[in-house]
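Chemist: Dock chain B against the given chain A, drawing on the hints supplied.
Protein chains: 2
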Amino acid sequence: MDTHGLLMVFTGNGKGKTTAALGMAMRSAGHGLGVCIIQFIKGSWSYGELKAVKRFSDNIDFRVMGRGFTWKSDNLEEDKRLALEGWTLARECIDSGKYHLVILDEFTYLLHYKMLDLDVCLDVFSNRSPSQHVLVTGRYAPDALVELADLVTEMQVVKHPLQKGIKAQRGIEF
Amino acid sequence: MDTHGLLMVFTGNGKGKTTAALGMAMRSAGHGLGVCIIQFIKGSWSYGELKAVKRFSDNIDFRVMGRGFTWKSDNLEEDKRLALEGWTLARECIDSGKYHLVILDEFTYLLHYKMLDLDVCLDVFSNRSPSQHVLVTGRYAPDALVELADLVTEMQVVKHPLQKGIKAQRGIEF
Chain A
115 MDTHGLLMVF TGNGKGKTTA ALGMAMRSAG HGLGVCIIQF IKGSWSYGEL
165 KAVKRFSDNI DFRVMGRGFT WKSDNLEEDK RLALEGWTLA RECIDSGKYH
215 LVILDEFTYL LHYKMLDLDV CLDVFSNRSP SQHVLVTGRY APDALVELAD
265 LVTEMQVVKH PLQKGIKAQR GIEF
Chain B
115 MDTHGLLMVF TGNGKGKTTA ALGMAMRSAG HGLGVCIIQF IKGSWSYGEL
165 KAVKRFSDNI DFRVMGRGFT WKSDNLEEDK RLALEGWTLA RECIDSGKYH
215 LVILDEFTYL LHYKMLDLDV CLDVFSNRSP SQHVLVTGRY APDALVELAD
265 LVTEMQVVKH PLQKGIKAQR GIEF
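Here the protein sequences come in this chain order: A and B. The first sequence runs 115 to 288 under the working numbering. The second sequence runs 115 to 288 under the working numbering.
Extracted from the complex, chain A is given alone in its bound form:
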């Protein structure tokens, strides 16, 4: 069958974006296909997820970039430098042809907070190999990214346990 590389976006404020990215990585790895996951927000992946990914170390490369969860930094220049470093790695992975699927987890924040040039990123996505699948996750996906993408799902929060005062649960939310 013909491989048509998809540009995919999981966005919205609900739970399930990174979880679905992890599931998709497993699905590809299950087929024996190579996956690279680049985590743009350090610490956003839990011990449970990291251990799960490690079981697939033959098929999944996992890379951590960036630093804390918020980009409200006291050192904007340093954040921009880290963002660019992460993006350079992402670009190399996309251009390498080595992976069936490249996942840029929480990448939208870098665009939303203007850590990176949106046009440059869209250009790389547009000019990638026609068979290269790319999945971008995170809130606030820019309109132009949604416009370019082939598959976009918005995970909308209908209810969240915190609304009932329930703390995050091990093995479920982290």
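Since the hints were made in silico from the structure, they are not lab data. Since the structure is predicted, the reported quantities are computational estimates derived from the model, not experimental observations. Misleading hints may appear alongside valid ones.
Under the rule of at most 20 Å between Cα atoms (straight-line distance), these lysine to aspartate or glutamate pairs were calculated in the EDC-like manner [what the hints assert, rightly or not]: (1) Lys278/B - Glu261/A; (2) Lys278/A - Glu261/B; (3) Lys278/A - Asp172/B; (4) Lys165/A - Asp175/B; (5) Lys165/B - Glu261/A; (6) Lys278/B - Asp264/A; (7) Lys165/A - Asp264/B; (8) Lys168/A - Asp264/B; (9) Lys165/B - Asp175/A; (10) Lys278/B - Asp172/A.
So the derived label-pair ranges between C-beta atoms look like this [as the list claims (entries may be wrong)]: (11) Asp231/A - Lys168/B: 36 to 46 Å; (12) Gly211/A - Leu198/B: 47 to 57 Å; (13) Leu190/B - Val260/A: 52 to 62 Å.
For each residue, glycine too, the CB sits at the ideal point set by N, CA and C.
Modeler: Frame of chain A, contents of chain B only:
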């Protein structure tokens, strides 16, 4: 930390419900916690997903119930019998206390198409052990289920590759 069993629902017409369920199963299994996945629509899980789950056979039990994807059957009684059989298994898993997380994948269809008594199901969810996590996926989650749940995400389709005439891709959608 205290475990507060969550009743979770991933619904909506977008991609990512079962994918996120798979990711959550991996997350729990990564922690070494037991998971039971009951697939209510036979054939809805792909070879890639099944192979991924098999790597976690020490932590994840996977059970297939039901039959074809649609419930527009020529044998309604047989469908109801299979639905009840699946539900009986689900109930046993929930009541067993054996699993950290029980996933009822595509279960909402059984409720939507009235294969099962909604009140009976909600009763079992309500009266489960307070530490038991349950995740239900599928379109058309009934209002009463959403009402009861602690966490509900609606995966909304913003864009789907089929809209551009692109076929489903291996390792991505199956």
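Chemist: Now tell me if each hint is right for this structure.
Modeler: Status of each hint after checking the structure:
Between Lys278/B and Glu261/A the CA atoms are separated by roughly 12 Å; this keeps the pair inside 20 Å, and the hint holds. Among the hinted pairs, Lys278/A with Glu261/B is consistent with the structure: their alpha-carbon atoms are about 12 Å apart, no more than 20 Å. With a CA separation close to 33 Å, the supplied pair Lys278/A and Asp172/B exceeds the 20 Å bound. Of the supplied pair hints, the one linking Lys165/A and Asp175/B holds, its CA atoms being roughly 18 Å apart against a limit of 20 Å.
In summary, the hint linking Lys165/B to Glu261/A is not supported, as the alpha carbons are separated by about 34 Å, beyond the 20 Å threshold. At most 20 Å may separate the alpha-carbon atoms for a hinted pair to count; Lys278/B and Asp264/A meet this at roughly 8 Å. With a C-alpha separation of about 26 Å, the suggested pairing of Lys165/A with Asp264/B is violated against the 20 Å cut-off. For a cut-off of 20 Å, the pair hint linking Lys168/A to Asp264/B is broken: about 30 Å separates their Cα positions.
Of the supplied pair hints, the one linking Lys165/B and Asp175/A holds, its CA atoms being roughly 18 Å apart against a limit of 20 Å. Taking the CA atoms of Lys278/B and Asp172/A, the gap is about 33 Å. The hint is violated against a cut of 20 Å. The given range of 36 to 46 Å is respected by Asp231/A and Lys168/B, whose C-beta atoms sit roughly 43 Å from each other. Look at Gly211/A against Leu198/B: about 50 Å separates their beta carbons, and that is inside 47 to 57 Å.
Separation of Leu190/B from Val260/A is about 42 Å and departs from the stated range, judged on CB atoms against 52 to 62 Å.
Consistency with the previously given hints fails for numbers 3, 5, 7, 8, 10 and 13, ordered from lowest to highest.
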